[in-house]
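Novice: Protein chains in written order, with the working numbering: chain A, 1 to 184; chain B, 1001 to 1320.
These are calculated hints, taken from the structure and not from any lab test. Careful, some of the hints might be misleading.
Below, a list of computed lysine to any residue pairs in the SDA-like style, where the Cα atoms sit at most 25 Å apart [claimed, not checked]:
#1 B:K1267 x A:S122
#2 A:K5 x B:Q1210
#3 B:K1008 x A:I4
#4 B:K1183 x B:Q1210
#5 A:K5 x B:K1263
#6 B:K1208 x A:G137
#7 B:K1008 x A:Q43
#8 B:K1183 x A:G120
#9 B:K1183 x A:K5
#10 A:K5 x A:G120
#11 A:K5 x B:E1052
#12 B:K1183 x A:S122
#13 B:K1263 x B:V1224
#14 B:K1183 x A:I118
#15 B:K1183 x A:Q3
#16 A:K117 x B:M1205
#17 B:K1008 x A:Q3
#18 B:K1208 x A:Q43
#19 A:K117 x B:D1182
#20 B:K1267 x A:P26
#21 B:K1208 x B:T1062
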Amino acid sequence: MEQIKITVALIIAVLLQWTLRNVAEPLTYIDFPLIIVAYAALQRNSINALLYGTIAGIAVDALSGGLLGAKAFSLTLVAYIISEVARRVYLDNLLLRIPVIASACLVNSLVYFGMHKILGQSPSGSPVVTVAYTLIGTTVIGTVIFVILESFFSEKVQKNKRDFFAPQKDTRRRNPIRLGRRRG
Amino acid sequence: MAIERSQKEVWRLAPYLMVVLLLGNFILMAFDAKEENSKQRVLRVWTQAAAEFVQSPVTTVTSAANGYFQSIYQLRTAQTDNDVLKEKIQALEIELQDSKTMTAENERLKSLIQLKDETKYKVLMAKIVGRDPSTWFDSSIVNRGNLDGIKLNMPVVTNEGLAGRVIAVSPITSQFVLITDDKSAAAAIVGQLGVSNALGVVRGMNDKDQLVMNYVPGSTPIEVGETVYTTGLDGIYPPGLKIGEVTEVRTGSATVPHVIYIKTSAKISSMQEVAILLYQQTERPKYEQALPNTIKDVNMLANSNVNTAAKPNTNANTNR
Chain A
1 MEQIKITVAL IIAVLLQWTL RNVAEPLTYI DFPLIIVAYA ALQRNSINAL LYGTIAGIAV
61 DALSGGLLGA KAFSLTLVAY IISEVARRVY LDNLLLRIPV IASACLVNSL VYFGMHKILG
121 QSPSGSPVVT VAYTLIGTTV IGTVIFVILE SFFSEKVQKN KRDFFAPQKD TRRRNPIRLG
181 RRRG
Chain B
1001 MAIERSQKEV WRLAPYLMVV LLLGNFILMA FDAKEENSKQ RVLRVWTQAA AEFVQSPVTT
1061 VTSAANGYFQ SIYQLRTAQT DNDVLKEKIQ ALEIELQDSK TMTAENERLK SLIQLKDETK
1121 YKVLMAKIVG RDPSTWFDSS IVNRGNLDGI KLNMPVVTNE GLAGRVIAVS PITSQFVLIT
1181 DDKSAAAAIV GQLGVSNALG VVRGMNDKDQ LVMNYVPGST PIEVGETVYT TGLDGIYPPG
1241 LKIGEVTEVR TGSATVPHVI YIKTSAKISS MQEVAILLYQ QTERPKYEQA LPNTIKDVNM
1301 LANSNVNTAA KPNTNANTNR
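Go ahead and model the full structure; you've got the sequences and the hints to work with.
Specialist: Printed below as a string of structure tokens:
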């Protein structure tokens, strides 16, 4: 079930990536497919993460003017690195996931740019500016999307919420004033 | 226990799968990088065609929303615009009269010298349904494909001037690269065709609205503000399309050509609709095809009647 949810999220991410540039140019600096692939990789299933990375990357490449396979290459690599790190290090905390998104974005941009350079292509714009803006945009929006995805996907979060907002009768029982009144 | 084992299996298989996928992607990239002139790939073409079904309604909705808010904003300046437009209409009416006179004169002259009119081509309006999802590139996808008669390398224009050329065509969509892309180039002239002799090549600089023009002889005087047009010598763009205006000239000398910077006429960053010229490239004559720097296929050269004693230098091929 979770795989279907992630697949749907990935399709929406690719379409958003393609559409939002038409609405506002700066929105292109948010790498939606990368965010979803990073999320999938954090679920500790490397094979699924790799396949998500490749498929999403090829879809983006097909709609882009860049080399076919370049985004797929970088996303596959990023997915593998994240899933390997997640296997060894505890990364379930949101605060720990923020640097993961930032690092993934940095690696993805550098690999994508590097592959084009190696194969004699020259992407437009200043690499430093593009990488910096993408890093900021993707990290900020990625954190928000991670929170949303967690609330949608994880049943554990629902349970935690129930525990966090405890029933009122429990607190009432421990209230010393009310206890005092009962005695009186 | 069984779950534990399968998880271990996943971890064991993952590196192999990664290597296979990376290798596959690298081969795909290398194959794509080999062909520089076109992005026509089966995978790309069909993905674009499939995505168009979803993209088109989304673009319609977002455009409608954008248009609604823009119309509210523009209402504030409507009165001023109205006055300006009335003045413009009067001026245009006078220009139209002059133009009619000149057209009639032109037709008479053409019939006199029996010139064949080669500049007639159909124009197909198209809507931009998607922009490049990558921040590194700036191609666009329009809702017209080869079912509408679009073919590779057809010029894309706006009402202000040249915008780019088609690089991939699916049955219902086409992808075009902008003239500002550093892989785009066009044979151009500063000033009117037939009057000026400032011929050169305009290239993209990967800048939003800046182009650079090279190979214009340093002895030819060039002024800032002059208009640059296509000459049609590249065989892709028809002659007489407006490219832009000269913004800066790095003056050359008798032996060094000028370097001319041009601002594009077409508003590249805010295009919503474009027109595709159904213009077919004129087939080059045999002797021209046989020139060493215009041919790729050596076998073709061998089949031609040209003396093949001097082998073509394929490395000198200019893909622009």
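Novice: Holds or violated: K1008 of chain B and Q43 of chain A, Cα atoms, limit 25 Å.
Specialist: Holds, at roughly 15 Å.
Novice: K1008 of chain B and I4 of chain A: Cα distance at most 25 Å?
Specialist: holds, 23 Å
Novice: Given the proposed pairing of K1183 of chain B with Q3 of chain A, does the C-alpha separation stay at or below 25 Å?
Specialist: Status violated; Cα separation ~40 Å.
Novice: Straight-line Cα separation of K1263 of chain B and V1224 of chain B no greater than 25 Å?
Specialist: Answer holds: K1263 of chain B to V1224 of chain B is near 11 Å, not above 25 Å.
Novice: So if I understand the rule, the pair passes when the alpha-carbon distance is 25 Å or less; does K1008 of chain B with Q3 of chain A pass?
Specialist: Satisfied, since the Cα-Cα distance of roughly 19 Å is no more than 25 Å.
Novice: Would you check the hint for K1267 of chain B and S122 of chain A, treating anything up to 25 Å between C-alpha atoms as holding?
Specialist: Status holds; Cα separation ~23 Å.
Novice: Compare the distance between the alpha carbons of K1183 of chain B and I118 of chain A with 25 Å, and conclude whether the hinted pair is satisfied.
Specialist: holds, 16 Å
Novice: Is it true that the CA of K1183 of chain B sits at most 25 Å from the CA of S122 of chain A?
Specialist: holds, 9 Å
Novice: Does K1208 of chain B pair with T1062 of chain B here, judged by a C-alpha cut-off of 25 Å?
Specialist: holds, 23 Å
Novice: Is the Cα-Cα distance between K1267 of chain B and P26 of chain A 25 Å or less?
Specialist: With a Cα-Cα distance of about 17 Å, the restraint between K1267 of chain B and P26 of chain A holds, given a limit of 25 Å.
Novice: Within 25 Å, alpha carbon to alpha carbon, are K5 of chain A and K1263 of chain B?
Specialist: It is violated: about 47 Å lies between the C-alpha atoms, which goes past 25 Å.
Novice: Within 25 Å, alpha carbon to alpha carbon, are K117 of chain A and D1182 of chain B?
Specialist: holds, 14 Å
When the structure is compared with the earlier hints, violations turn up for hints 2, 5, 9, 10, 15 and 18 and for no others.
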